[in-house]
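J.: Produce the entire structure from the sequences given, and follow the hints as far as they go.
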Amino acid sequence: MGIKKILLLCCMMIFSQNLLANEQIKLQEHFLSKIDKIVSIVKDKNLSATKRNAEIVTLLTPTFDFELMAKLSLGKKWKQVPKKDRQKFIDLYVKRMENSYSSKLDSYSNETVRIKEIKQPKKNRIAIVTDLVTQDKELEIIYKFHKPKRPKKDKDTWLIYDVEILGISILKADKAQFREFLKTKTIDDLMDVLVKS
Amino acid sequence: MLKYLYLFFLSFLLLSFSGCSLKSVEAPQEVVTTQESSPSDEEDETDDFLEEFADEEDEEEVYDPLNGYNRVMTNFNDKLFEYLLIPVAKGYKLVLHQEVRRSIENFFQNLYYPSRLVNNLLQGKFVYASEETGRFLINSTVGILGLFDPAKSQLNLKAHPEDLGQTLGFYGVGSGPHIVWPFLGPSNLRDSLALYPDALLNPIDYAPRSWYTLTDTFEEFLALKSLERVNKTSFDIHEYETIKKDAIDLYPYLRDLYEQYRDRQIQE
Numbered sequence: 000m001g002i003k004k005i006l007l008l009c010c011m012m013i014f015s016q017n018l019l020a021n022e023q024i025k026l027q028e029h030f031l032s033k034i035d036k037i038v039s040i041v042k043d044k045n046l047s048a049t050k051r052n053a054e055i056v057t058l059l060t061p062t063f064d065f066e067l068m069a070k071l072s073l074g075k076k077w078k079q080v081p082k083k084d085r086q087k088f089i090d091l092y093v094k095r096m097e098n099s100y101s102s103k104l105d106s107y108s109n110e111t112v113r114i115k116e117i118k119q120p121k122k123n124r125i126a127i128v129t130d131l132v133t134q135d136k137e138l139e140i141i142y143k144f145h146k147p148k149r150p151k152k153d154k155d156t157w158l159i160y161d162v163e164i165l166g167i168s169i170l171k172a173d174k175a176q177f178r179e180f181l182k183t184k185t186i187d188d189l190m191d192v193l194v195k196s
Numbered sequence: 000m001l002k003y004l005y006l007f008f009l010s011f012l013l014l015s016f017s018g019c020s021l022k023s024v025e026a027p028q029e030v031v032t033t034q035e036s037s038p039s040d041e042e043d044e045t046d047d048f049l050e051e052f053a054d055e056e057d058e059e060e061v062y063d064p065l066n067g068y069n070r071v072m073t074n075f076n077d078k079l080f081e082y083l084l085i086p087v088a089k090g091y092k093l094v095l096h097q098e099v100r101r102s103i104e105n106f107f108q109n110l111y112y113p114s115r116l117v118n119n120l121l122q123g124k125f126v127y128a129s130e131e132t133g134r135f136l137i138n139s140t141v142g143i144l145g146l147f148d149p150a151k152s153q154l155n156l157k158a159h160p161e162d163l164g165q166t167l168g169f170y171g172v173g174s175g176p177h178i179v180w181p182f183l184g185p186s187n188l189r190d191s192l193a194l195y196p197d198a199l200l201n202p203i204d205y206a207p208r209s210w211y212t213l214t215d216t217f218e219e220f221l222a223l224k225s226l227e228r229v230n231k232t233s234f235d236i237h238e239y240e241t242i243k244k245d246a247i248d249l250y251p252y253l254r255d256l257y258e259q260y261r262d263r264q265i266q267e
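Protein chains in written order, with numbering that gives the first Met the number 0: chain A, 0 to 196; chain B, 0 to 267.
To be clear, the hints were calculated from the coordinates, so they are not data collected in a lab.
Hints may contain errors.
Distance condition first, Cα-Cα at most 27 Å in a straight line; then the derived DSSO-like pairs of lysine-lysine [said to hold, decoys possible]:
#1 B:K243 <-> B:K89
#2 B:K243 <-> A:K103
#3 A:K136 <-> B:K224
#4 B:K157 <-> A:K87
#5 A:K136 <-> B:K89
#6 B:K124 <-> A:K115
#7 A:K33 <-> B:K244
#8 A:K171 <-> B:K89
#9 B:K157 <-> A:K115
#10 B:K243 <-> A:K136
#11 A:K103 <-> B:K89
#12 A:K171 <-> B:K151
#13 A:K75 <-> B:K151
#14 B:K224 <-> A:K78
#15 B:K92 <-> A:K87
#16 A:K115 <-> B:K151
T.: And the structure:
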């Protein structure tokens with residue numbers, strides 16, 4: 000192999016590294032801008048709680064892959080869900096996530112978000128490790144993104160499919176409770192409970 | 000000499016390729032199973048996500064022989080929280096200023112230094128152990144018996160909580176069956192067995208010891224432990240309620256949160 004070829008190879012490797020880094024920086028900026036927007040909405044005292052939550056939901060919906068989360072939360076059981084019920088389950092799951100997120104915002108008080116680290120375990124996966132800094136404590140929250148092969152309509156390029164709070168993955172926790180629930184009960188029962196919650 | 004080198008290389012090659020052959024045997028198996036279970040195009044797409052996110056998939060069933068008892072105890076604790084601990088903590092929070100409550104928390108944490116030190120040492124975390132020692136010395140003196148935390152606020156020395164359950168986990172001891180204790184909440188066999196040795200290092204105890212303990216009788220012990228618990232709850236009264244809201248089935252949900260949290264603490 001000639002020196003030129005080796006040089007070319009090196010260039011290509013550096014270039015591809017740059018591409019990855021670029022992607023990470025882009026996502027980081029996008030993520031931070033979303034957080035800034037959320038903070039400004041939450042701090043706006045003129046908004047009523049319901050209006051505030053609605054605005055945040057519209058802001059965050061393009062960033063989360065709720066559909067994938069709903070599917071992953073059932074894991075292999077997803078195949079057993081009758082096709083006519085699939086969309087219903089996804090809708091219920093999304094509603095539940097929105098409610099859960101909104102209720103957590105109620106306890107917000109001047110925390111700041113600090114990015115600690117960005118990991119890219121695979122080409123189409125990025126994890127943003129953040130600290131939610133309160134007066135005297137730090138709460139580690141990891142946002143896990145994936146990049147779907149085909150971009151989804153009305154969605155960002157990188158989508159959150161799991162959030163880990165202090166090492167607790169909300170996806171895994173849901174999976175654990177759904178699995179246990181479905182041992183004795185049916186998908187229909189699960190959807191009934193989701194409707195009520 | 001050359002012969003040995005050659006042999007060495009040969010064995011090295013063999014070893015490295017045996018790894019490859021193992022991998023190549025495993026990989027097609029996965030492909031086969033997914034192909035078997037995906038007859039139609041629609042199904043293909045569903046399988047897609049399962050395959051893609053196989054790393055998130057941990058189908059390992061939790062070993063849970065005490066399921067029935069644990070469910071009953073989870074309900075008991077739930078009622079206890081709702082009707083006793085949370086109302087008491089609310090009243091307590093009204094009476095005492097946050098700074099006072101913070102100091103009480105600091106005081107208790109400072110007392111648990113011996114067990115943190117020993118467990119950091121047992122895990123070979125010598126830097127953490129020395130930081131813990133520094134914290135104890137500074138907070139016990141300048142911080143007036145541990146009521147204040149100048150080690151963190153002035154010197155940025157952070158606490159490194161470690162307990163025997165984590166130490167055992169660090170050396171590969173599995174968690175064993177999940178156990179829910181009355182009052183104390185979720186635990187597992189490993190962490191439960193670790194409570195007693197940790198308590199030996201603890202100055203809040205009622206059993207006769209040859210060294211000084213803060214409490215002599217069970218009543219005193221219970222009073223101090225309750226104070227610690229109420230004080231701790233008062234910082235985040237709605238925490239439990241917020242967690243509970245996300246539960247479809249409370250017991251397995253709390254069980255999973257506990258085990259995930261402990262696994263993470265052990266890995267740290």
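J.: Just to be careful, I want the Cα atoms of A:K136 and B:K89 compared with a cutoff of 27 Å; is the pair within it?
T.: holds (21 Å)
J.: Hint check: B:K243 vs B:K89, CA-CA at most 27 Å. Holds or violated?
T.: Holds - the C-alpha atoms of B:K89 and B:K243 are around 18 Å apart, at most 27 Å.
J.: Holds or violated: A:K136 with B:K224, Cα cutoff 27 Å?
T.: Since the Cα atoms of A:K136 and B:K224 sit roughly 23 Å apart, the hinted pair holds (cutoff 27 Å).
J.: Does B:K92 pair with A:K87 here, judged by a C-alpha cut-off of 27 Å?
T.: violated (43 Å)
J.: Sort out whether A:K115 lies within 27 Å of B:K124, counting only the CA atoms.
T.: holds (23 Å)
J.: Can the restraint linking A:K33 and B:K244 be considered satisfied, given a maximum Cα separation of 27 Å?
T.: holds (26 Å)
J.: Would the hint linking A:K103 and B:K89 be met if the CA-CA limit is 27 Å?
T.: Holds: A:K103 and B:K89 sit about 19 Å apart, inside 27 Å.
J.: Are B:K157 and A:K115 close enough, with their CA atoms no more than 27 Å apart?
T.: holds (17 Å)
J.: So if I understand the rule, the pair passes when the alpha-carbon distance is 27 Å or less; does B:K157 with A:K87 pass?
T.: violated (48 Å)
J.: B:K224 and A:K78 were given as a pair; does the straight-line alpha-carbon distance stay at or below 27 Å?
T.: violated (49 Å)
J.: Against the 27 Å threshold, does the CA-CA distance of B:K243 and A:K136 hold or violate the hint?
T.: holds (22 Å)
J.: Given the proposed pairing of A:K171 with B:K89, does the C-alpha separation stay at or below 27 Å?
T.: violated (32 Å)
Consistency note: the structure conflicts with the earlier hints numbered 4, 8, 12, 13, 14, 15.
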